[in-house]
Amino acid sequence: MNELLKPIYENGRITFSARELYEFLKVQERFSRWFERMSGYGFDVEVDYTPYQNVHPQNNQTIQDYQLTIDMAKEIAMIQRNEKGKEARRYFLEIEKAWNSPEKIMARALSIANEQINSLRIENNHLKPKAEVYNQLMTSETALEMSEVAKVLDYKGVGRNTLFEILRENQILRYNNEPYQKYVDNGYFRVIQTKYEDKFGATNINMKTMVYQKGVRAIMKLLDELGYVQRVS
Numbered sequence: 249m250n251e252l253l254k255p256i257y258e259n260g261r262i263t264f265s266a267r268e269l270y271e272f273l274k275v276q277e278r279f280s281r282w283f284e285r286m287s288g289y290g291f292d293v294e295v296d297y298t299p300y301q302n303v304h305p306q307n308n309q310t311i312q313d314y315q316l317t318i319d320m321a322k323e324i325a326m327i328q329r330n331e332k333g334k335e336a337r338r339y340f341l342e343i344e345k346a347w348n349s350p351e352k353i354m355a356r357a358l359s360i361a362n363e364q365i366n367s368l369r370i371e372n373n374h375l376k377p378k379a380e381v382y383n384q385l386m387t388s389e390t391a392l393e394m395s396e397v398a399k400v401l402d403y404k405g406v407g408r409n410t411l412f413e414i415l416r417e418n419q420i421l422r423y424n425n426e427p428y429q430k431y432v433d434n435g436y437f438r439v440i441q442t443k444y445e446d447k448f449g450a451t452n453i454n455m456k457t458m459v460y461q462k463g464v465r466a467i468m469k470l471l472d473e474l475g476y477v478q479r480v481s
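Using the numbering used here, read the sequence shown as starting at 249 and increasing by one per residue.
Incorrect hints may appear among the rest.
As the list claims (entries may be wrong) - Simulated crosslink set (SDA-like; lysine to any residue; CA at most 20 Å straight-line): (1) K456 to D446; (2) K443 to Q301; (3) K254 to I311; (4) K430 to N418; (5) K274 to P255; (6) K469 to D402; (7) K469 to V400; (8) K399 to T298; (9) K462 to Q419; (10) K334 to P255; (11) K399 to Q315; (12) K443 to E294; (13) K430 to A466; (14) K399 to M458.
Hint data in this document are derived by calculation from the structure and do not stem from the laboratory.
Throw the hints in and build the complete structure from the sequences for me.
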């Protein structure tokens, strides 16, 4: 498969650079205006795209870029209604097909299983006082975003937004999708700050709920108790 645009594989998903897509499509409009117009088609920050700063390879200046989910990238390509857009969309479909091949799915499943085994091994081999365990959990890098939790658990009818709703209804998350303190203290969640720039150039702070492996297991137990069923691979 010819690599038209470089895919970024991380955190169990595929993303693409908005600037690379912009350049491939040969858009005449200024990037900031183009992206503002594209993001206005019902896309949400930290869901469909993530702002980040990049360094221009020629002048070393910091520039604004965005990581696009493959779904957003496909829709943007389709919106262009030209040959470059069609070519990009076909490419994204090929990438997605390869990502969902049995071999790739098995590799991701094995990776997740290894992470869980390593997490359990650490818990079993390093039992320490509550304060030390709490500190270890809060500094762990294995916390997952809620969208990744929904994908990993793969319950029928339970995507990211539905999962947030279930956790709110069961008094685990508050109205703003942040966990109640007792669940943070129990090592289920952590809340992190992410920064992004709005269309006016102002820096904004977004609070994101991350889920530890202990929280993933608790969510799985809750969904089972509520009668939700996992998909059969």
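Cross-check of the supplied hints:
no. : hint         : result
1   : K456 to D446 : holds, 17 Å
2   : K443 to Q301 : holds, 10 Å
3   : K254 to I311 : holds, 18 Å
4   : K430 to N418 : holds, 14 Å
5   : K274 to P255 : holds, 19 Å
6   : K469 to D402 : holds, 13 Å
7   : K469 to V400 : holds, 14 Å
8   : K399 to T298 : holds, 18 Å
9   : K462 to Q419 : holds, 17 Å
10  : K334 to P255 : holds, 18 Å
11  : K399 to Q315 : holds, 19 Å
12  : K443 to E294 : holds, 10 Å
13  : K430 to A466 : holds, 14 Å
14  : K399 to M458 : holds, 14 Å
Figure legend: structure checked against the earlier numbered hints; every hint is met.
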